[in-house]
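A.B. asks: If you want the building blocks of each chain, they are given just below.
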Amino acid sequence: AQRVTQPEKLLSVFKGAPVELKCNYSYSGSPELFWYVQYSRQRLQLLLRHISRESIKGFTADLNKGETSFHLKKPFAQEEDSAMYYCALRDGSFQKLVFGTGTRLLVSP
Amino acid sequence: NAGVTQTPKFQVLKTGQSMTLQCAQDMNHEYMSWYRQDPGMGLRLIHYSVGAGITDQGEVPNGYNVSRSTTEDFPLRLLSAAPSQTSVYFCATKGAGVFEQYFGPGTRLTVT
Chain A
518 AQRVTQPEKL
528 LSVFKGAPVE
538 LKCNYSYSGS
548 PELFWYVQYS
558 RQRLQLLLRH
568 ISRESIKGFT
578 ADLNKGETSF
588 HLKKPFAQEE
598 DSAMYYCALR
608 DGSFQKLVFG
618 TGTRLLVSP
Chain B
27 NAGVTQTPKF
37 QVLKTGQSMT
47 LQCAQDMNHE
57 YMSWYRQDPG
67 MGLRLIHYSV
77 GAGITDQGEV
87 PNGYNVSRST
97 TEDFPLRLLS
107 AAPSQTSVYF
117 CATKGAGVFE
127 QYFGPGTRLT
137 VT
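Chains A and B, in that order, are what the protein sequence lines are. For what it's worth, our numbering labels the leading residue of the first sequence as 518, then goes sequentially. For what it's worth, our numbering labels the leading residue of the second sequence as 27, then goes sequentially.
Watch out, some of these pointers could steer you wrong.
[What the hints assert, rightly or not] Taking lysine-lysine and the BS3-like style, the derived pairs with C-alpha atoms no more than 27 Å apart in a straight line are:
id : chain 1 : residue 1 : chain 2 : residue 2
1  : A       : K526      : A       : K613
2  : A       : K526      : A       : K590
3  : B       : K35       : A       : K613
4  : A       : K613      : A       : K582
5  : B       : K35       : A       : K526
6  : A       : K526      : A       : K574
[Stated by the list, open to error] To give a feel for the contact side, a few chain A residues facing chain B, derived at Cβ under 7 Å:
id : residue
7  : P524
8  : L561
9  : Q612
[Said to hold, decoys possible] Each pair of labels, with its calculated beta carbon distance range:
id : chain 1 : residue 1 : chain 2 : residue 2 : range
10 : B       : M53       : A       : Y556      : 18 to 24 Å
11 : A       : Q562      : B       : Q83       : 22 to 28 Å
12 : A       : S543      : B       : G66       : 44 to 50 Å
13 : A       : Q562      : B       : E98       : 18 to 24 Å
14 : B       : M67       : A       : Q562      : 33 to 39 Å
15 : A       : Q595      : B       : G77       : 40 to 46 Å
16 : A       : E584      : B       : E126      : 35 to 41 Å
17 : A       : T577      : B       : P87       : 32 to 38 Å
18 : A       : K532      : B       : V124      : 31 to 37 Å
It is worth saying that the hints were derived from the structure and are not from the lab. Everything numeric in this text was worked out from a predicted model, so none of it was measured. We treat Cβ as the ideally placed atom computed from N, Cα and C, and that holds for glycine.
Isolated chain A, as found in the complex (with noise of 0.2 Å):
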């Protein structure tokens, strides 16, 4: 069965510190992760795919199919990345979404 785990309901940083959410899954085939983040009264948006390998406001994520990981990452926190976020994966062949349970981020000055 499809699963995400996100094992850190908060992760409490300075400003300027390292941040690294934690998220593994588990999938049989051949999945496409994202993380998707909600600040404060917005709505659920986007933040990065594996498939583009690329950065979004200073975030990055590998996908380590041995370790079934998708860390999200970013080596200087700023206040402006408080916010909730989900890893998320879908199985290929549907258009599903299957999300984790969610890591508050709370950047502190």
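Fit chain B to the given chain A structure using the hints.
C.D. replies: Chain B in isolation, oriented as in the chain A frame:
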């Protein structure tokens, strides 16, 4: 372009009441879905549709009905509300050949 819209933004129901949460999109996206967001449980898929006239169940479909008579609209019906349905509900859409899902602003529902 309004994107994905949801109405109402807030709703309070009493146990046993029925209501419909509306979702509309103007992006001509084929795929539409409903999620509920609960603390500590993330987003869970309730129902989804891959096109007009086609719907299917997601992870937590019990207590909810959907229909898809047009491409634009995908209403979610609660036939007999229960306190366990207190949640924030999000509608999302996705176009064919596009990887991103677009989310609505959400409806916060409280069942007392």
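A.B. asks: All hints are to be evaluated individually against the structure, with a verdict given for each.
C.D. replies: Going through the hints against the structure:
1. With a CA separation close to 23 Å, the supplied pair K526 (chain A) and K613 (chain A) stays within the 27 Å bound.
2. Distance hint between K526 (chain A) and K590 (chain A) is fulfilled; the C-alpha atoms sit about 16 Å from each other, no more than 27 Å.
3. Between K35 (chain B) and K613 (chain A) the CA atoms are separated by roughly 24 Å; this keeps the pair inside 27 Å, and the hint holds.
4. At most 27 Å may separate the alpha-carbon atoms for a hinted pair to count; K613 (chain A) and K582 (chain A) meet this at roughly 20 Å.
5. For the given pair, K35 (chain B) sits about 26 Å from K526 (chain A) by alpha-carbon distance, which is consistent with the 27 Å threshold.
6. For the given pair, K526 (chain A) sits about 22 Å from K574 (chain A) by alpha-carbon distance, which is consistent with the 27 Å threshold.
7. Given the 7 Å rule on beta carbons, the hint for P524 (chain A) is violated: about 12 Å separates it from the nearest Cβ of chain B.
8. Because the beta carbon of L561 (chain A) sits about 4 Å from the nearest beta carbon in chain B, less than 7 Å, this interface hint is met.
9. The restraint placing Q612 (chain A) at the interface with chain B holds, with a minimum CB-CB distance near 5 Å, inside the 7 Å limit.
10. Distance hint check: the CB atoms of M53 (chain B) and Y556 (chain A) are about 22 Å apart, consistent with the given range 18 to 24 Å.
11. Between Q562 (chain A) and Q83 (chain B) the CB atoms are about 26 Å apart, so this pair conforms to the stated range of 22 to 28 Å.
12. Taken as a hint, the range 44 to 50 Å is violated for the pair S543 (chain A) and G66 (chain B), whose Cβ atoms sit roughly 19 Å apart.
13. Q562 (chain A) and E98 (chain B) have their C-beta atoms about 21 Å apart, which keeps the hinted 18 to 24 Å range intact.
14. One distance hint, 33 to 39 Å for the beta-carbon pair M67 (chain B) and Q562 (chain A), is violated here, with the actual separation near 20 Å.
15. Separated by about 41 Å at the C-beta atoms, Q595 (chain A) and G77 (chain B) satisfy the suggested range of 40 to 46 Å.
16. Checked against the hint of 35 to 41 Å, the pair E584 (chain A) and E126 (chain B) fails, with Cβ atoms roughly 26 Å apart.
17. Remark: the range hint 32 to 38 Å for T577 (chain A) to P87 (chain B) is upheld by a beta-carbon distance near 36 Å.
18. Hint check: K532 (chain A) to V124 (chain B), Cβ distance near 35 Å, so the stated range 31 to 37 Å holds.
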